[in-house]
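Enquirer: One letter stands for each residue in the lines below.
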Amino acid sequence: MISVRVQPEDFDVGAELAALEGQGGGAVASFTGIVRADDGVEAMTLEHYPGMTEKALTALADQAKGRWPLCGVTVLHRVGTLKAGDRIVFVGTASDHRAAALEACTFLIDRLKTDAPFWKKEHRSEGDNWVEARARDDAAARSWD
Amino acid sequence: MISVRVQPEDFDVGAELAALEGQGGGAVASFTGIVRADDGVEAMTLEHYPGMTEKALTALADQAKGRWPLCGVTVLHRVGTLKAGDRIVFVGTASDHRAAALEACTFLIDRLKTDAPFWKKEHRSEGDNWVEARARDDAAARSWD
Amino acid sequence: MALDILYFAWVRERVGVGAERIDLPDGVSTPLDLALWLAARGGGYAEAFSDPSRLRCAVDQDIVPLTADLANAAEIAFFPPVTGG
Amino acid sequence: MALDILYFAWVRERVGVGAERIDLPDGVSTPLDLALWLAARGGGYAEAFSDPSRLRCAVDQDIVPLTADLANAAEIAFFPPVTGG
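Protein sequences appear in the order of chains A, B, C and D.
Residue 112 in this note's numbering is what sits at position 112 of the first sequence, and the numbering runs on without skipping anything.
Residue 99 in this note's numbering is what sits at position 99 of the second sequence, and the numbering runs on without skipping anything.
Residue 21 in this note's numbering is what sits at position 21 of the third sequence, and the numbering runs on without skipping anything.
Residue 7 in this note's numbering is what sits at position 7 of the fourth sequence, and the numbering runs on without skipping anything.
The shape of chain A in the complex, shown without the other chains (with noise of 0.2 angstroms):
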């Protein structure tokens, strides 16, 4: 099972987490990322580029499950404004094997930081900026390379 979806509205991460249970693997993981109150940030606006956009994060399921024995992978991604403490991501894997499902859900976010077309408008009470793409995500992304 491969499910990507990219919508604005919000995922029902219990749901998605159950659909990846039934897939008859022993081993379940999943990251979440949420919109941080940092700095100010009162919310942000995540652009993507529709149509490319999907088929980018059906290739990295797609790579996910050439390198680990996967039975699901679930690939969600939120645009349009967002609020802090929202979600904005979720990947979740099923395998038979806690290695293998942990492990990919790496590969996915890190990959995803580097691979996927979206890009995060931050709003602030001074003013907005678009957030710079970080060193640390290049070289998280590149090591599993």
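One or more hints might be untrue.
Subject to a maximum C-alpha distance of 30 angstroms in a straight line, what follows is the list of computed BS3-like cross-link-like pairs (lysine-lysine) [as the list claims (entries may be wrong)]: (1) K65/B x K55/B; (2) K121/A x K83/A; (3) K83/A x K83/B; (4) K83/B x K65/A; (5) K121/B x K83/B; (6) K121/A x K55/A.
Read the hints as simulated data drawn from the structure, not as lab findings.
Since we're looking at a predicted model, the values are computed, not measured.
Guided by the hints, dock chains B, C and D onto chain A, whose structure is given.
Expert: Frame of chain A, contents of chains B, C and D only:
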């Protein structure tokens, strides 16, 4: 927040994740272990050492908080008789950093498998047997030394 | 040959539109050539494209280097390094 | 001094009880000494304790080696290697 529970009842992974998401970190990771229907296993019974179990799981959560900057750790383990497809264990972590959340989650489940007093008995149509500890679980746990 | 150009994030904001269609100009064979050609328009285009090292691009929805071949491309997108997740 | 002994998993099944209280016998100063003393009872105890390499133990709810010191212990548990998670 540290939440450790040992109980016969199932747990609501969506509610557990929501509690971790509410700790103010930007990253939440989870691992859920499920009874596999491998090799004709119809059910298993989880025995534990009441009193020591909670102490051992709390010690693991404290160790994780000492090694990674975590704002939340949840460790839940079921006991009693479970059937194929049932959840056995849930580990969840919250942090400002995704690597911390994911690594701590892996640490907790690796160590739980060798340091917490639980024993599994498998039930098959042809009889029951106690599960044997696996060398690869010992190796995974010791990799964190 | 007609080429759709898409702009995202601050590239889009500086250019002022999200997409446009052009005929591939003579002498433009890579995304880098196209970026410099767009910069020569001046104004917001110059702001967006004057420093190609800050840009990334996708050709027909695959991320490629700015030195990739544009022959047969139907769609190109310019954007800053991605920051999702 | 009174000592509570707890048994889990197949150790409990072979011994036939989950717990018992004894007075620490003379000459028994480690969990290994106690395991061999219990094995000498014969029957299910011999089955459970004849091969101490298969056993693990906790003294006062901390996992310790079979060679740990039993002085001042109030509770000891014998069990196979754990298999939770």
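Enquirer: Now, for every hint given, state plainly whether the structure supports it.
Expert: The hints, checked one at a time:
no.	hint	in the structure
1	K65/B x K55/B	holds (15 angstroms)
2	K121/A x K83/A	holds (12 angstroms)
3	K83/A x K83/B	violated (41 angstroms)
4	K83/B x K65/A	holds (28 angstroms)
5	K121/B x K83/B	holds (12 angstroms)
6	K121/A x K55/A	holds (23 angstroms)
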